[in-house]
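Peer 1: Read top to bottom, the protein sequences are chains A and B.
Here the first sequence is numbered in full-length UniProt numbering, starting from 1 and rising by one per residue.
Here the second sequence is numbered in full-length UniProt numbering, starting from 1 and rising by one per residue.
Bear in mind the hints are in silico, worked out from the structure with no lab data behind them.
Heads up, a few of these hints could be off.
Pairs involving identical chains hold if they fit within one copy or between any two copies, as the list cannot separate such chains.
What the hints assert, rightly or not - Mimicking SDA-like on lysine to any residue, the simulated pairs with C-alpha atoms at most 20 Å apart in a straight line are:
(1) Lys48 x Gly13
(2) Lys58 x Glu86
(3) Lys58 x Asp19
(4) Lys399 x Gln366
Quantities reported herein were computed from a predicted structural model and do not represent experimental measurements.
Protein chains: 2
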Amino acid sequence: MLIVQKYGGTSVGTLERIDSVAQRVKAKKDEGNALVVVVSAMSGETNKLIEFAEHFSKNPNAREMDMLLSAGERVTSSLLAIALIELGCPAIAFSGRQAGMLTDNFHTKAKIEHIDPKPMQDALKEGKVVVVAGFQGINEFGDVTTLGRGGSDLSAVAIAGALNADVCEIYTDVDGVYTTDPRIEPKAKKLDKISYDEMLELASLGAKVLQNRSVELAKKLNINLVTKSSFNNNEGTLITGEKKMEGAIISGIALDKNQARVTVRNVDDKPGVAAKIFKELSDKEINVDMIIQNVGHDGNANLGFTVPQNELHKALDALKDLGDNFSVESDSDIVKVSIVGIGMKSHSGIASLAFSTLAKEGINIQMISTSEIRISVIVEAKYGELAVRVLHDAYELYK
Amino acid sequence: MLIVQKYGGTSVGTLERIDSVAQRVKAKKDEGNALVVVVSAMSGETNKLIEFAEHFSKNPNAREMDMLLSAGERVTSSLLAIALIELGCPAIAFSGRQAGMLTDNFHTKAKIEHIDPKPMQDALKEGKVVVVAGFQGINEFGDVTTLGRGGSDLSAVAIAGALNADVCEIYTDVDGVYTTDPRIEPKAKKLDKISYDEMLELASLGAKVLQNRSVELAKKLNINLVTKSSFNNNEGTLITGEKKMEGAIISGIALDKNQARVTVRNVDDKPGVAAKIFKELSDKEINVDMIIQNVGHDGNANLGFTVPQNELHKALDALKDLGDNFSVESDSDIVKVSIVGIGMKSHSGIASLAFSTLAKEGINIQMISTSEIRISVIVEAKYGELAVRVLHDAYELYK
Chain A
1 MLIVQKYGGT SVGTLERIDS VAQRVKAKKD EGNALVVVVS AMSGETNKLI EFAEHFSKNP
61 NAREMDMLLS AGERVTSSLL AIALIELGCP AIAFSGRQAG MLTDNFHTKA KIEHIDPKPM
121 QDALKEGKVV VVAGFQGINE FGDVTTLGRG GSDLSAVAIA GALNADVCEI YTDVDGVYTT
181 DPRIEPKAKK LDKISYDEML ELASLGAKVL QNRSVELAKK LNINLVTKSS FNNNEGTLIT
241 GEKKMEGAII SGIALDKNQA RVTVRNVDDK PGVAAKIFKE LSDKEINVDM IIQNVGHDGN
301 ANLGFTVPQN ELHKALDALK DLGDNFSVES DSDIVKVSIV GIGMKSHSGI ASLAFSTLAK
361 EGINIQMIST SEIRISVIVE AKYGELAVRV LHDAYELYK
Chain B
1 MLIVQKYGGT SVGTLERIDS VAQRVKAKKD EGNALVVVVS AMSGETNKLI EFAEHFSKNP
61 NAREMDMLLS AGERVTSSLL AIALIELGCP AIAFSGRQAG MLTDNFHTKA KIEHIDPKPM
121 QDALKEGKVV VVAGFQGINE FGDVTTLGRG GSDLSAVAIA GALNADVCEI YTDVDGVYTT
181 DPRIEPKAKK LDKISYDEML ELASLGAKVL QNRSVELAKK LNINLVTKSS FNNNEGTLIT
241 GEKKMEGAII SGIALDKNQA RVTVRNVDDK PGVAAKIFKE LSDKEINVDM IIQNVGHDGN
301 ANLGFTVPQN ELHKALDALK DLGDNFSVES DSDIVKVSIV GIGMKSHSGI ASLAFSTLAK
361 EGINIQMIST SEIRISVIVE AKYGELAVRV LHDAYELYK
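Bound-form chain A, shown alone:
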């Protein structure tokens, strides 16, 4: 098997942990697999470098920032290769450039444009484990670029695609994807499998295991992703295409505490008004999530939507700038609870079970929005954890 592994910052956070990663990599190699290992910077290193840069400038030059930030992953990849070679496991460290990672020119948030797989393929043919500095590439000018938050995951998935790997294993400090946050619901179960689309919904709803960009790329490239812990030998969760999924109706419940609700009253109920509002918000790069518009009467309508809490202020300012006679209300004391599952597509009654379950607990639903595989509700913040637990029970996710 050709396996791409990725180890995150905590997994390589100390020299001893790098030792243990090296042992783990060697064991897989000794089983006869070919391996490419993508590593992050040791945990804390990237933040340290950012603090260094911020000593000099509140808005450090992006090109130089990328050269700075790429240093951490280079250190880890060199150290892991040194450790592997010492264990008698041939290995070679590659920077993003050496791994053939070409990106566009958007420093600090570059997109991968192309991977030249030849250098990695050559090293694999020589029987070497290829250790790649994640998070980085070079642009057409030969300048170092970085891929932004979660960039090392993205490097790993893209490399898996370029090499046509059998699997891409993402190692973190958690065992995999759970039906919900085990700190909220101790009966939460680790999922063996989940579809790309479900994972995308969960990730955008606050599940921290994987970032959307990596899952999207894995889906696009049809890469089998496995997320697992580098601290034990548990199985992990396979994230894959829908066809391989079995019958679970609901995969998980997510709680997002980072939302605020905005209600705009007395909106003229005629075409173009809502569009004007959302264009203004979008121009100001405010991420509007749920949107609800009530059918109006007396020529007026009410418009409700949610934004990330840290963008609420900006959103309210934007509405003021529109200068219309809106009456605007906002509420940060809310949370979004979401039920995610591809089974919803073919099952009816999923939503009504959610509504009746919450009603039974006296939890008032302020907003509802649904997608093909998701139901999200906005409830008062204090009910968030309770809502997660009763829904987890209602859909029997503990089974």
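Fit chain B to the known structure of chain A by using the hints.
Peer 2: Frame of chain A, contents of chain B only:
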């Protein structure tokens, strides 16, 4: 003027010191100069990375070691460029590769083969200060290489040569080159000028300001080198060709405490025996320095030489391996005191003043060796500092 500056590890050892380097660079730029600034890693960083590597291996893979060690200079060059840009001084950070630094393939002690000056020239034309990560380049395979100890000085001198710079300024934590170590002789004076050859002798004799490789390269490329402190605005010392030198007979006195003396008795006084001994030592990479062979009698000769103290054990083993009936004595309790000056070439009596000065103090000379511009004597260790002081006085270097 086109100026190449190099700042060593202590000069960029903290964020505040990088601030002050940025101010210094900007001031020179504002005077209308074009600048290339070569930086070392922040002091302690390279040693930290070496310790990291040694956690995994006593003999870390050299290729990976180079990728590891190159990280420190990349961080410093990015930070200094960020600081300069923030000060309104256009700047760009270049890695060794981006600065066009091509080396041979000897990882961890690579030699510079060629510098492509185009990228630096283009950036200079755009009015930018070019900040280069010192100590590193790439080889023909695109792998990162490092230049060994003192490598950043070497980067700076080579870049000065490639760009045909007017001067190469090497900033450290000392003011320049002194007639002797001021900690030994408080009357020691800073030299305004010294020739390449004198500097080479002094550097090889323990003066820590500059390493031989950089001075040799400066001599070869005929680069005016200036060594000065980044902590004040004192003048520094110009290291340049002989023709520009004035009449000082002696430039300095050096003390080398890192030598051990080996005496081999009963060596067959016939051709080839000494050669055999020194071939054996050279094969084992032992750096033999002073060599003296007494004219023999009774078909035997005595052979004396010095080696660095940390290679003494290896040297004695090598002599044992030769298996001959040598009687070998060694003594680590010695030092080498050297008098250096190009004036010796045209003045007689220099050596005899040294010998009589030492004799007057009752300091016994165990070995003597001379070059065209140097006299070195081996004396008992406890007399080292005294010898330096009385010679400093005798040659009136305090003037």
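Peer 1: Which earlier hints turn out false for this structure, listed by number in ascending order?
Peer 2: The structure conflicts with hint 4 only, although it agrees with all the remaining ones.
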